[in-house]
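If you read the protein sequences in the order shown, they are chains L and U.
The numbering used here puts the first residue of the first sequence at 12, with every later residue one more than the last.
The numbering used here puts the first residue of the second sequence at 369, with every later residue one more than the last.
Hints were generated in silico from the structure; no laboratory data involved.
Any given hint might turn out to be false.
[As the list claims (entries may be wrong)] Under the rule of at most 27 angstroms between Cα atoms (straight-line distance), these lysine-lysine pairs were calculated in the DSS-like manner:
id, chain 1, residue 1, chain 2, residue 2
1, U, LYS392, L, LYS304
2, L, LYS300, U, LYS422
3, L, LYS188, L, LYS110
Note that the structure is a prediction, hence the values are computed from the model and not measured.
Okay, here's what each chain looks like letter by letter:
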Amino acid sequence: MSGPIAVIGAGGFVGTRLVESLVLEGSSDIRAVVRAYRSLAGLSRFGSAVDWRIADAENPAALVQALQGAGTAVNLTTGTPASILRSTRTILEACVAAKVPRLIHLSSAVVFGEVASSVIDDDSPPLMRHWMPYARAKAAAERWLREHLPTSPCQVVVLRPGIVWGVRSPHTLQAVKALREKNAYLAGRGDGVFNSIYIDNLVAAILACCAHQGAVRGFYNVADQETVSWRDFYAAFAPSCDYDMGQMPSVSIERFPWSLRAVIEYVQLLPAVNGFYHRLKTSLPDTLKSRLKALLADGYNYGHTASTYNRKPVVDREVWHLQRVRYKLPTAKFCKNFSFTPPVTFEDGVRRTVAWMEFVGYESLSKQLVTAS
Amino acid sequence: MNDSSPKRTVLVGCGAVAGKLYRKPLQELQRQGLLRVVGLVDSKLEHAEALRSKLRSGSVFDDLNLALRSQRPDLTLILSPPHLHRDQALLALKHRSHVLCEKPMAPSSDGCAEMVRLARENDRVLAVGMIRHFFPAFAQLKTFFDAGKLGEICSFCYREGRVFDWEVQTSAIFTRQASGGSGLLLDIGSHALDYLLWLFGDLNVVSYADDAYEGVEGNVVLELTSPACPGRMQLSWDSPLRCELRVVGTRGEAILRVDQLDKLAIKTNGDFEEVAVDHRYPADVRFPSRKTITPKLYTESIYCQLIQVLRAIELAEAPAVDGQQGQACISLIEAARRCARPLDMPWLDPYQEAMHQSLHWTKA
């Protein structure tokens, strides 16, 4: 596709790494589309190597202008559940209006819930009654795209990654913190499939979509090559977190272990409350927000790692459901159509991520001692 | 009530800093009769007008010279983007106004020196807005330090970073200095280095690495030395670092959470224990002060900083950070940039790591 790659939502976790990869691979045709000036922070080091535009994904006129002349648009926006369907529509319509030949839309494997059947494939319909508003919104966006995909003059490729892990991944950081603070847990024996993709493998998949010359419209699962369980995932990071996997508690895999926090989160996710919560969050004065945040903050671990294992950890509902995933989503369709092999192995991804964790200050106790001495 | 008349005050720059951080403290000081906003200056008049309607005071201008001539302020608050600080402060000082200039004082130490000289010649207060002097935990750690509570200091490590979320209204901060911008080192770095200078008295740069190519740095790592010990400083605009200053001494260890106003923990034996932070600041313009507070919110710290500037004007007290101290901080940043090298990024694949090294701005 000729013309720049326009990355919508370029200031986020995936967007920043995509732009960084494009710059480091020598691309000179990169356009970063961000909602606000503050989103330029992670891109500021590239200077004029990246052409940037300010456009809200829900503002059609601004978006059409930002996408003019682009060869491919990549939709990496997140937003609130209420905004996901709207922004999906606006972005495709803007691509059509700006005559962008190809749109790569990032959906999520969460639309298949716990992947309870081995027959779920790339073209299976998403779950429309998922308990999580984000998953329902992603499913609604997929359904809308499915209706418009065959006839749209813009070729739409929908990628469906699982958990995006690795360097700068908020999910991985959360998991590592849980290990360091001895709050991690496994649902059952931890055999659930860690349905995931290393950040650089996702970026490579997106770039494969950008580079492909043929007709590729459709839905595609993308994932790492290996099948990894949740136990494998935690075990890979345990040594760098001074964590003994033999001490990891197991929680029920059959019934969700409710706690006060889980109840609060459940209420927060009720559709009526969820909309109100997001409106309230944006309208509260900063001073009140910082007071509330301080009030609700967890205790801070000054020693960096906890010395005792929490035998009764507070279980996060989303993580619990993710740990119940039964099957790895098939990725053969994507690998075949795009001649794609994920470039980073699980082992190498862990090595790179540990290097980054040390960089941000989460080094193992043994490394801390070496540094201190 | 204070005995003297309210200080006539002009605000320069009516963007996010003025609107989000200074508005409430200014309203409070106006209510107390300690100052009166008489002018609001911004190249975008609508920004000045929006702030004026909230402060219910002052006239709006898009020309600082005109504002200074017509309003004859006692105090000028420079809250504009950093590349404008020097010229605006010099103009205010020429009009014999005292100045509180937000950090960074100016992008170059030469610019800072000019500001210091003019302030001295005109016998005006030149204060630099280094708000962390008014974070009680930061001040309390300084007190512990001076009292030798940690023994002899062996090492320190300062880390501060998160995904940038400040609602800037232009892209200036993200552009190179030649185009009037600043970058991470001037933005958060000036706070961090100012605080380390306050603690240690003197610092030298041993090495400096960043990740900028044609743009400005989003991650930096500095190795430093102080008369007491070596140390390290790391900042980020895109990664959630553990936001802490960790100081190791012969008699104990301290961790200051640098993203909080009032969180400090000390370990003398056993585990870290949070300290009850109760450092108090004057909240009036009397000597001796009759009212003091321990700020709990950022805006309360701004209030204390403004009070300290008013005390400097009225009672000839030293401001928390004067022009020379502000200049020392900028000189350190310049020293860092002189020895810049590419940041190590071992999480990249070998090809990208090599490209990262070759694209670094020092190779241009």
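How the hints compare with the structure:
no., hint, result
1, U:LYS392 x L:LYS304, "holds, 20 angstroms"
2, L:LYS300 x U:LYS422, "holds, 21 angstroms"
3, L:LYS188 x L:LYS110, "violated, 45 angstroms"
The structure is inconsistent with hint 3 alone, although it conforms to all the rest.
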